[in-house]
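Taken in sequence, the protein lines are chains A and B. At position 157 of the first sequence (counting the first as 1) the number is 157 in my numbering, and the numbers step up by one without a gap. At position 260 of the second sequence (counting the first as 1) the number is 260 in my numbering, and the numbers step up by one without a gap.
Treat each hint with caution, since some may be false.
Said to hold, decoys possible - Ranges between beta-carbon positions, derived for each pair:
no., chain 1, residue 1, chain 2, residue 2, range
1, B, 13, A, 73, 28 to 36 Å
2, B, 375, A, 5, 22 to 30 Å
3, B, 356, A, 317, 16 to 24 Å
4, A, 270, B, 356, 42 to 50 Å
5, B, 74, A, 50, 13 to 21 Å
6, A, 73, B, 77, 33 to 41 Å
7, B, 80, A, 50, 28 to 36 Å
8, B, 346, A, 5, 36 to 44 Å
9, A, 162, B, 144, 49 to 57 Å
10, B, 144, A, 273, 30 to 38 Å
11, B, 248, A, 276, 24 to 32 Å
Claimed, not checked - Computed, partial: chain A to chain B, Cβ under 7 Å:
no., residue
12, 238
13, 241
14, 242
15, 243
16, 247
17, 249
18, 251
19, 260
20, 272
21, 280
22, 290
What the hints contain is simulated information worked out from the structure, not anything from laboratory work. Fair warning: this is a prediction, and the values are worked out from it, not measured in the lab. Just so you know, even glycine gets a beta-carbon here, dropped at the ideal spot from N, CA and C.
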Amino acid sequence: MSARDTDWEGVRLHVVTGKGGTGKTTVAGALAIALASGGGKVLLIEMEGRQGIARLFDCPPLPYQERRIAVAPATATLPGGDVYALAADAETALIEYLEMFYNLRHAGTALTRLGVVDFATTIAPGLRDVLLTGKAAEATRRRYKGHPVYDAVVMDAPPTGRIGKFLNVATEVSGLAKMGPIHAHAETVDSVIRSPQTAVHFVTLLEEMPVQETLDGLAELRGLAQGGLQLGGIMINMVRPAGLPDDELNAAARGRLDRHDLDLGLKAAGLEDSLGLATSLAAELGDHAREALAQRAQRHRLDETGQPCYELPLINDQMDLGGLYQLAAALRDQGAA
Amino acid sequence: MRLEVDRLLDDPRTRIIVCCGSGGVGKTTTAAALGLRAAERGRHVVVLTVDPARRLAQSMGLTSLDNTPRPVPGAVRDPRPGGSLHAMMLDMKRTFDEIVEAHSDPDRAAQILANPFYQSLSSSFAGTQEYMAMEKLGQLRKSDEWDLIVVDTPPSRSALDFLDAPQRLGRFLDGRLIRLLSAPTRVGGRAYLKVVTAGFGMVTGIITKVIGTQVLRDVQTFVAAFDTMFGGFRQRADDTYRLLQAPGTAFLVIATPEPDALREASYFVERLSQDRMPLAGLIVNRVHRSPAARLSAARSLAAAETLESAPAALIRPNEGSAASPGRYPLAATALRLHAERMQLGERERRLEEHFTGAHPVIPVVEVPAQPEDVHDLDGLRAIGAELARAADPAPAAAD
Chain A
1 MSARDTDWEG
11 VRLHVVTGKG
21 GTGKTTVAGA
31 LAIALASGGG
41 KVLLIEMEGR
51 QGIARLFDCP
61 PLPYQERRIA
71 VAPATATLPG
81 GDVYALAADA
91 ETALIEYLEM
101 FYNLRHAGTA
111 LTRLGVVDFA
121 TTIAPGLRDV
131 LLTGKAAEAT
141 RRRYKGHPVY
151 DAVVMDAPPT
161 GRIGKFLNVA
171 TEVSGLAKMG
181 PIHAHAETVD
191 SVIRSPQTAV
201 HFVTLLEEMP
211 VQETLDGLAE
221 LRGLAQGGLQ
231 LGGIMINMVR
241 PAGLPDDELN
251 AAARGRLDRH
261 DLDLGLKAAG
271 LEDSLGLATS
281 LAAELGDHAR
291 EALAQRAQRH
301 RLDETGQPCY
311 ELPLINDQMD
321 LGGLYQLAAA
331 LRDQGAA
Chain B
1 MRLEVDRLLD
11 DPRTRIIVCC
21 GSGGVGKTTT
31 AAALGLRAAE
41 RGRHVVVLTV
51 DPARRLAQSM
61 GLTSLDNTPR
71 PVPGAVRDPR
81 PGGSLHAMML
91 DMKRTFDEIV
101 EAHSDPDRAA
111 QILANPFYQS
121 LSSSFAGTQE
131 YMAMEKLGQL
141 RKSDEWDLIV
151 VDTPPSRSAL
161 DFLDAPQRLG
171 RFLDGRLIRL
181 LSAPTRVGGR
191 AYLKVVTAGF
201 GMVTGIITKV
211 IGTQVLRDVQ
221 TFVAAFDTMF
231 GGFRQRADDT
241 YRLLQAPGTA
251 FLVIATPEPD
261 ALREASYFVE
271 RLSQDRMPLA
281 GLIVNRVHRS
291 PAARLSAARS
301 LAAAETLESA
311 PAALIRPNEG
321 SAASPGRYPL
331 AATALRLHAE
341 RMQLGERERR
351 LEEHFTGAHP
361 VIPVVEVPAQ
371 PEDVHDLDGL
381 RAIGAELARA
391 ADPAPAAAD
């Protein structure tokens with residue numbers, strides 16, 4: 001790994017949450033690339049079974065198996081790294097554990113057919129979560145010849161509304177078996193999640209509802225933080241530059257732009273009917289300015305949380321690997337990775 | 001084809017409007033805007049929202065919503081058409097408790113409500129929210145107090161959950177496994193167990209190991225107390241399901257012009273037609289259109305570059321030859337922003353065309369992106385007006 005200073009030195013499990021529609025999966029993907037660049041090996045884990053990672057990286061649907069999906073770009077001085085991905089689901093994870101602990105090699109399929117796995121995870125909702133987080137914790141702790149297999153693990157976690165329950169493993173399964181694999185497993189998972197090795201990042205947009213959910217989520221996790229849970233950064237997705245100096249931004253928002261000046265400029269650029277056009281463009285500028293000012297107010301609310309904020313630029317084209325590299329570079333430039 | 005929202009809202013035969021779509025597409029705002037518009041056009045409307053984030057409360061300027069419909073203050077300014085607007089937020093646990101109380105004697109109800117397994121089932125089972133939303137919808141419809149119910153579906157990760165989850169809960173509660181597991185506590189259970197194979201013994205063994213004996217005991221006492229209600233659960237889910245298929249129900253699929261949201265909308269549209277659910281149309285929120293669409297992105301960018309790299313040839317009319325590069329920064333910025341907006345609009349249009357190409361007969365309406373968040377009734381009115389705006393005179397891409 002690089003010797004640069006980053007804000008999350010020592011963190012090896014990055015949990016990424018956010019409200020639906022904020023681009024949580026995209027940011028998790030970009031973070032994985034950012035962490036891998038400079039020679040790292042990073043595992044990106046999907047928790048919701050939507051194959052969002054496969055779509056994002058434009059590769060075939062991911063199995064319950066770690067496979068390499070991208071290469072982080074090499075820099076002038078450092079080699080590139082590797083991003084692996086895995087789509088975790090509770091059913092497969094449970095069967096994996098049962099096989100491991102009870103040697104029930106063929107029981108898995110029978111259990112699935114009978115609907116037992118579905119049943120067990122249904123009557124004990126915490127079980128599903130502990131199996132999923134368990135996979136991430138296991139990958140984080142996995143070692144080969146004394147060295148960690150992955151330099152970092154990035155978890156594309158459930159949305160903000162569910163993150164507290166999801167991470168509060170110990171409490172959620174406390175009613176379950178007091179012995180046996182699940183209980184031991186929950187304790188291991190808990191010890192990883194509540195350690196300086198883990199940080200929980202929030203993805204948001206500069207809009208009221210996502211920002212509110214971020215603040216609510218932070219408040220909820222702060223309640224759990226006494227137990228050692230580490231709050232991470234706030235990743236602000238799809239940021240557009242204001243493009244105008246403050247005085248003009250304010251004037252534009254109030255519809256008080258110097259239209260004459262605009263008109264002259266359009267004329268100078270050789271556009272016909274510049275006056276009619278100036279009216280339309282002034283209206284667009286007004287929309288843009290109001291949006292920019294509203295975003296600034298939301299940004300202020302995020303700053304007040306005291307958590308580090310990182311800005312990811314709006315990618316105008318459809319998100320692809322090129323766009324992900326851009327976002328990854330932005331995260332690295334700002335010290336998030 | 002354009003979706004005629006006012007015709008839908010004004011038609012007295014429209015009794016239920018269901019707004020569905022993936023998370024973050026503006027379902028709640030759309031449902032509230034439709035409800036407000038219908039009320040102001042003379043309907044007696046109740047808006048049912050299922051969102052724990054209380055977004056509807058915010059956008060309707062309310063501070064609290066509970067499990068009973070409350071009048072929305074300030075709605076329906078013009079009393080002439082005689083409409084009214086109520087809103088309520090679903091309390092899923094309360095709704096579940098009410099079903100239990102209504103269907104068992106007080107002692108048994110108390111026993112069920114105190115059961116730890118019931119408590120986790122009624123507050124955190126994936127699907128309970130959808131089931132209870134359907135249940136509440138059925139209750140509201142039955143009460144006949146409102147002539148239009150607008151439902152905002154739960155913020156599931158998939159729009160399909162709204163249709164699937166209630167059945168899932170019904171199936172689960174009715175299921176073979178839950179009965180087998182709890183068999184020993186029930187009369188006649190032992191006889192039943194005899195015919196069960198030894199393999200099943202292994203299965204219960206594993207379940208006990210995994211979830212623990214305490215949980216299993218809770219499940220067993222729950223099943224014993226809940227016994228008479230089991231069949232009813234699937235029945236209720238089926239009833240509401242049929243209500244959704246009935247004439248008088250209209251589904252509106254909500255999306256934004258983004259790949260994920262439109263893909264989800266596509267799945268949902270296909271599923272509705274499979275299940276013979278009445279689809280009224282697609283609402284595309286947050287669409288970027290320009291009032292200056294005749295100036296293309298390419299020309300706009302070129303013009304911005306001309307201004308930014310302007311040599312002496314570009315002079316302000318009254319300034320002689322003193323022109324310097326970047327003479328008109330405001331115009332250049334405006335042109336760049338315009339170009340971006342046109343490109344974005346073009347991309348959105350392509351995505352939408354992809355959808356309409358696959359589903360050509362579905363009426364569509366677009367709602368422009370709002371520069372600021374909607375959080376008051378005026379904002380909802382503006383959205384309502386956009387929804388009902390007469391056919392778009394604009395762009396060539398309309399055909």
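Evaluation of the provided hints:
1. B:13 / A:73: 28 to 36 Å: Because 60 Å falls outside the window, the suggested range is violated.
2. B:375 / A:5: 22 to 30 Å: With a Cβ separation near 41 Å, residue 375 of chain B and residue 5 of chain A fall outside 22 to 30 Å, so the hint is violated.
3. B:356 / A:317: 16 to 24 Å: Holds, since residue 356 of chain B and residue 317 of chain A (Cβ atoms, about 22 Å apart) stay within the stated range.
4. A:270 / B:356: 42 to 50 Å: violated (37 Å)
5. B:74 / A:50: 13 to 21 Å: violated (40 Å)
6. A:73 / B:77: 33 to 41 Å: Given about 58 Å between the Cβ atoms, the range is violated.
7. B:80 / A:50: 28 to 36 Å: violated (49 Å)
8. B:346 / A:5: 36 to 44 Å: The hinted range 36 to 44 Å holds for residue 346 of chain B and residue 5 of chain A, with Cβ atoms some 42 Å apart.
9. A:162 / B:144: 49 to 57 Å: Once the Cβ atoms are compared, 36 Å apart, the range 49 to 57 Å for residue 144 of chain B and residue 162 of chain A is violated.
10. B:144 / A:273: 30 to 38 Å: For residue 144 of chain B and residue 273 of chain A the Cβ distance comes to about 58 Å; the hint is violated.
11. B:248 / A:276: 24 to 32 Å: The hinted range 24 to 32 Å is violated for residue 248 of chain B and residue 276 of chain A, with Cβ atoms some 47 Å apart.
12. 238: violated (11 Å)
13. 241: violated (10 Å)
14. 242: violated (10 Å)
15. 243: Status holds, d = 5 Å.
16. 247: Violated, because the Cβ-Cβ distance from residue 247 of chain A to chain B comes to roughly 11 Å (cut-off 7 Å).
17. 249: Hint on residue 249 of chain A: violated, closest Cβ of chain B at ~10 Å, above 7 Å.
18. 251: violated (10 Å)
19. 260: Violated. Min distance 11 Å.
20. 272: violated (10 Å)
21. 280: holds (4 Å)
22. 290: holds (4 Å)
The structure is inconsistent with the numbered hints 1, 2, 4, 5, 6, 7, 9, 10, 11, 12, 13, 14, 16, 17, 18, 19 and 20, although it conforms to all the rest.
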